[in-house]
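Asker: Sequences listed follow chains Y, Z and B, in order.
Take the first sequence: its position 47, counted from the start at 1, is 47 in this note's numbering, and no numbers get skipped.
Every number in this note's numbering is 104 more than the matching position in the second sequence, counting from 1.
Every number in this note's numbering is 380 more than the matching position in the third sequence, counting from 1.
No lab work stands behind these hints: they were computed from the structure.
Ideal Cβ placement from N, Cα and C applies to all residues, glycine included.
Be aware that one or more of the hints could be misleading.
Now the in silico label distances, taken between C-beta atoms and shown as ranges [claimed, not checked]:
(1) Y:G102 - Z:E342: 30 to 38 Å
(2) Y:E44 - Z:E141: 51 to 59 Å
(3) Z:E141 - B:M590: 16 to 24 Å
(4) B:K689 - Z:T259: 44 to 52 Å
(5) Z:E342 - B:I642: 56 to 64 Å
(6) B:R613 - Z:Q145: 40 to 48 Å
(7) Z:L262 - Y:G41: 23 to 31 Å
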Amino acid sequence: MIANYGFKDGSGDWYVTIDTDKCNGCGKCPEVCPAKILEVGPDEIDIFREEPVAFVKHEERKKVRYSCTPCKPVYGEEPTPCAKVCEPKAIFFSDGWKRLYGHK
Amino acid sequence: MIVAGIDVGGKNVHIVIKKDDQILGKVLGPSGIKKAESAEQLYDEVLKKVGITRKDVERVVATGSAAKRVAFANGAIHDAAADARGVIKLIPTARTIIDVGAEESRSIKISADGKVLDFAINDKCAAGTGAFVEAMSRALEVSVDEMSKIALQSTQTLSTNAQCAVFGESEVVSLIHQKTQKPDIARAVMNAIAGRIASVARIVGLEKDVVMVGGMARNAGFIDSLKKNIKMDVLVPEDPDYMGALGAAEAAAAGIYTEEVKAEVVERETVSEGKS
Amino acid sequence: MAEVKTKEFWSWPETNWVNPDIDWKKGKVITAGVDVGSVSTQAVIMVDGEFYAYGNMRTGSDSPNSARKGIGFALEKSNMKIENIDYCIGTGYGRVNVPMAQQSITEISCHARGANFMYGPEVRTVMDMGGQDCKAISIDDRGKVLNFMMNDKCAAGTGRGMEVFADLIRVPVWEIGPRSFQIQKEPPMISSTCVVFAKSEVVGLLESGMPENDIMAAYCSAMAHRIMELLNRLGVKEKFVITGGIAKNEGVVKRLEKELGIKTAERVWYKKEYIDRKYPFDTQLAGGIGAALFGQALLKMGKAKSARKA
Numbered sequence: 001m002i003a004n005y006g007f008k009d010g011s012g013d014w015y016v017t018i019d020t021d022k023c024n025g026c027g028k029c030p031e032v033c034p035a036k037i038l039e040v041g042p043d044e045i046d047i048f049r050e051e052p053v054a055f056v057k058h059e060e061r062k063k064v065r066y067s068c069t070p071c072k073p074v075y076g077e078e079p080t081p082c083a084k085v086c087e088p089k090a091i092f093f094s095d096g097w098k099r100l101y102g103h104k
Numbered sequence: 105m106i107v108a109g110i111d112v113g114g115k116n117v118h119i120v121i122k123k124d125d126q127i128l129g130k131v132l133g134p135s136g137i138k139k140a141e142s143a144e145q146l147y148d149e150v151l152k153k154v155g156i157t158r159k160d161v162e163r164v165v166a167t168g169s170a171a172k173r174v175a176f177a178n179g180a181i182h183d184a185a186a187d188a189r190g191v192i193k194l195i196p197t198a199r200t201i202i203d204v205g206a207e208e209s210r211s212i213k214i215s216a217d218g219k220v221l222d223f224a225i226n227d228k229c230a231a232g233t234g235a236f237v238e239a240m241s242r243a244l245e246v247s248v249d250e251m252s253k254i255a256l257q258s259t260q261t262l263s264t265n266a267q268c269a270v271f272g273e274s275e276v277v278s279l280i281h282q283k284t285q286k287p288d289i290a291r292a293v294m295n296a297i298a299g300r301i302a303s304v305a306r307i308v309g310l311e312k313d314v315v316m317v318g319g320m321a322r323n324a325g326f327i328d329s330l331k332k333n334i335k336m337d338v339l340v341p342e343d344p345d346y347m348g349a350l351g352a353a354e355a356a357a358a359g360i361y362t363e364e365v366k367a368e369v370v371e372r373e374t375v376s377e378g379k380s
Numbered sequence: 381m382a383e384v385k386t387k388e389f390w391s392w393p394e395t396n397w398v399n400p401d402i403d404w405k406k407g408k409v410i411t412a413g414v415d416v417g418s419v420s421t422q423a424v425i426m427v428d429g430e431f432y433a434y435g436n437m438r439t440g441s442d443s444p445n446s447a448r449k450g451i452g453f454a455l456e457k458s459n460m461k462i463e464n465i466d467y468c469i470g471t472g473y474g475r476v477n478v479p480m481a482q483q484s485i486t487e488i489s490c491h492a493r494g495a496n497f498m499y500g501p502e503v504r505t506v507m508d509m510g511g512q513d514c515k516a517i518s519i520d521d522r523g524k525v526l527n528f529m530m531n532d533k534c535a536a537g538t539g540r541g542m543e544v545f546a547d548l549i550r551v552p553v554w555e556i557g558p559r560s561f562q563i564q565k566e567p568p569m570i571s572s573t574c575v576v577f578a579k580s581e582v583v584g585l586l587e588s589g590m591p592e593n594d595i596m597a598a599y600c601s602a603m604a605h606r607i608m609e610l611l612n613r614l615g616v617k618e619k620f621v622i623t624g625g626i627a628k629n630e631g632v633v634k635r636l637e638k639e640l641g642i643k644t645a646e647r648v649w650y651k652k653e654y655i656d657r658k659y660p661f662d663t664q665l666a667g668g669i670g671a672a673l674f675g676q677a678l679l680k681m682g683k684a685k686s687a688r689k690a
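Could you build the full structure based on these sequences and the hints that come with them?
Answerer: Below you can see the structure in the form of structure tokens.
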């Protein structure tokens, strides 16, 4: 399942996407996220899934634009810490950051 | 040489008339629905106040979201450039400018000689603008000035969930129903928008001195929340909402403005303009 | 506290219904789904996976009460009591405040499953717009979520966006759809995404003398466009279904279909008996139906225990 956490408003698309088919629930991404928006636990969308899965905490979903900005998703020279540490490559980002801030 | 700078924003028009290093006069009025007319009317008003006519003004430069509407201007400059020019003259140590207006906010990184090095904008969403604060003040049933004052009297920190001016209004209403104290709600509102604006400012980097301009700079409650968020001092020049117009006047004096920039300003025109 | 009936422009009428063809006492498993939204609450009762009863009403300012009232309203014309229910699942924005629920499940999963039940296994894309959110969901033939995208941060493209507009022009939401077509020519859509800025734009248009119906068309057009942008990120596959209050607004639905070049599925039950017996079809029930079906599945799989008291 492709889980897109975040929002869309007039300024763009701001989503942190987790491919739960790839996510193995290893728990590394919450440890490296500077804004502490990630968590690993029971899958609340696919309630019959046995393994834990990574997701964005409920109270953080409406703020991803602001929380993730310091890590320069998509347009930065380095991948974000969460994407970097994820072995199965299950985390990616929408283009809001690139469109609005990546013009340098 | 007498020059004029006209900043036509989403909500207000600011005009500054300068002669060499002296400000002859300034005026502020609502942009209204017909921004071109409002700008023109206010221009004639301030000219009258100063005791001169249009012919006495050598150059007029416009800025702001509706700059292109100012048909009688010689040219226009980008909002960020206007802010930079206005601020660097008054505060030569300024390196970061945070401009929060009624419908747009931006953070600008400038060099020691007032050139725009980088900027980030927050538009198309009321939550990062003065419109957010106004909406919340309506929900609190106080004026914006009153809300700014009581925010400073808050004794409890609250966190708010809504990241939208519309949903925020409902959140404030339900907080009031739960008998939350208004000063605490006011403070929470200021903290929320300060957080968003600080986050956008960090994209260009917060280098001191950080200067705040635009209408929101008059909001002491907001300034306080912003200072606490970025953990830095924030300087506010006198008449902070006139910085755009002042910068435009400086550009007029320096003869630096372009028709091309006018076109660029058109692209970024605030959408509340509707169809042109 | 007495409820003052003020003129409200923004909410759909309240309805309830009990299935005359089911004797619930003969049923083996009775489950309930309560979808507490920001604007409306739906309570649905299923007996052995068949649609038994529902209540659709306004959510008050008090969520726990809304849930209780919702079930009461659903069972108003039945002799079933809450105590007879084996398992109740809460969903929706206020799902943590459903006191009689044994479990809560997100509305994304419940809408997916509910849409699959209501419209059938061919559904692949569900768009739901509630009072305060908008979600686009890709599902498989069993109603399992494959991909989802939600917005509950920004009022634009949510029911609230339409309510603010309805309040501003003082026209009830259910009139906006039909009236938006009583125009000569489609006007350009409102250009501001943000509801706050759109309001100023609308005021400007009103002052400039644009006819009200045209303004409604412009607003519905803008809303349809926002939804299309959300859906295009997901990719729309037929059968395409719209649930939630917005499905009742033809002004938005028709314009969305036009922009996408895809027609939404007809609003009729997948189960032929339901059509033949003329069971009511309310697009706002998808969440509650899905929740009740989850309850049944959990009991069947032994992952939950019956909470039936009588």
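Asker: If a hint holds in the structure, say so; if it does not, say that too.
Answerer: Each hint tested on the structure:
1. Y:G102 - Z:E342: 30 to 38 Å: Given a distance of about 37 Å, which is inside 30 to 38 Å, the answer is holds.
2. Y:E44 - Z:E141: 51 to 59 Å: Hint holds: Cβ distance 55 Å, inside 51 to 59 Å.
3. Z:E141 - B:M590: 16 to 24 Å: Because 19 Å falls inside the window, the suggested range holds.
4. B:K689 - Z:T259: 44 to 52 Å: holds, 46 Å
5. Z:E342 - B:I642: 56 to 64 Å: Holds, since Z:E342 and B:I642 (Cβ atoms, about 58 Å apart) stay within the stated range.
6. B:R613 - Z:Q145: 40 to 48 Å: holds, 45 Å
7. Z:L262 - Y:G41: 23 to 31 Å: holds, 27 Å
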